[in-house]
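Peer 1: Listed below are the residues making up each chain.
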Amino acid sequence: MTSATQTPTIEELESLVGRQFPGGTYALEPWRVWLTNDVIGAPQRTDGIAHPMFCYYAAMAGLGISINEMFTLCYASADDGPMFGECDIQQLRPLEVGSTYTVRGEITSAVRKQGARTGTFDIVAFQLEVVAADGEVSSVVSNSFIFPRRSS
Amino acid sequence: MSPSPRPAVGVELPRLIIESIDAEKMKTMAALLADSNPIHWDVDTVKELGMGDQPVNQGPNNLGYVMNMLGDWAGGAERIQQIRVRFLDNVFAGDRLEAGGTVTAVGDDGAVECDIWLARDGTHPVLAGTATLLLS
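Quick mapping for you: the protein sequence lines, in order, are chains A and B.
Mapping the first sequence onto my numbering, position 13 (from 1) lands on 1, and the numbers just tick up by one.
Mapping the second sequence onto my numbering, position 101 (from 1) lands on 134, and the numbers just tick up by one.
Chain A with its partners taken away, still in its complex shape (with noise of 0.2 angstroms):
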């Protein structure tokens, strides 16, 4: 196995697709909700209606493993710098205040870049889906992260 940041063949690199997370659930407990509300500026609100963030919240909450685990399962580490790359949530029914979601998701891609000045770089993307009580999907985030590959 490949250590965490050796940089990793094409085919460890690829063979990340399809892997799936260990998922986990995610509750918007009122005083996490008030709190986050309060770090970001939105409105506290009183009808029940999650800011759209907490799709984002809920589902890296919920996955199953940290980012740290996630580096690590990319063959990476926080050392090596990794970087957000693009971040896209649908919200397809407001999460609710007070309510617990399953979340579930997997690698959607890996791919090796080349940049001039950036060099060797590996994008990984993921795609996860907040479902509530009900079984219905609120949300679907996919998100990238961009991992420079120093040592090739």
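Any given hint might turn out to be false.
[To be verified] Partner residues aside, some chain A positions facing chain B, computed with beta carbon under 7 angstroms:
# : residue
1 : Ile28
2 : Gly29
3 : Ile37
4 : His39
5 : Glu74
6 : Pro82
[Stated by the list, open to error] Covered by chain B, per the in silico footprint, the following chain A stretches (three or more residues, Cβ under 8 angstroms):
# : stretch
7 : 11 to 24
8 : 44 to 58
9 : 66 to 73
In case anyone wonders, no lab produced these hints; they're calculated from the structure.
From a predicted model like this one, the values you see are computed outputs, not experimental measurements.
By construction, the Cβ of each residue, glycine as well, lies at the ideal position given by its N, Cα and C atoms.
On the provided structure of chain A, position chain B as indicated by the hints.
Peer 2: Just chain B now, with coordinates in the frame of chain A:
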């Protein structure tokens, strides 16, 4: 005030201005997210990494500001159907930010597409992307 259900293409969205990013709120968010990255609270680490002398805001916070701008205009952030962004640069404690956007398309179904952005001092882009909202 809510916008017209059919705003014209080219209409600029009212800007949201954040006069100064608060380092204390980064600490709260780090605790909420169990985010162990010290660049959000430890200035010494930020200096050691050559990233300046102020804590670095969490990237998702920056997206939250843009959602607030859209929600203020649309009559509620629940009207955001989809938002897609790229993170272009860091935001630091003390930065002054402006969030804005422009209507780029209006569908018969009431879906409004916008280009969106967040900029330091209104000029240096730190986030850019697109959003789709349902106004009616």
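Peer 1: Run every hint past the structure and note whether it holds.
Peer 2: Hints, verified against the model:
1. Ile28: Constraint on A/Ile28 satisfied, holds at 3 angstroms.
2. Gly29: holds, 6 angstroms
3. Ile37: Holds: closest Cβ of chain B sits about 5 angstroms from A/Ile37, inside 7 angstroms.
4. His39: holds, 6 angstroms
5. Glu74: holds, 5 angstroms
6. Pro82: At about 4 angstroms, which falls below the 7 angstroms cut-off, the nearest Cβ of chain B leaves the hint on A/Pro82 intact, so it holds.
7. 11 to 24: holds (count 3)
8. 44 to 58: holds (count 7)
9. 66 to 73: Since 4 is at least three, the answer is holds.
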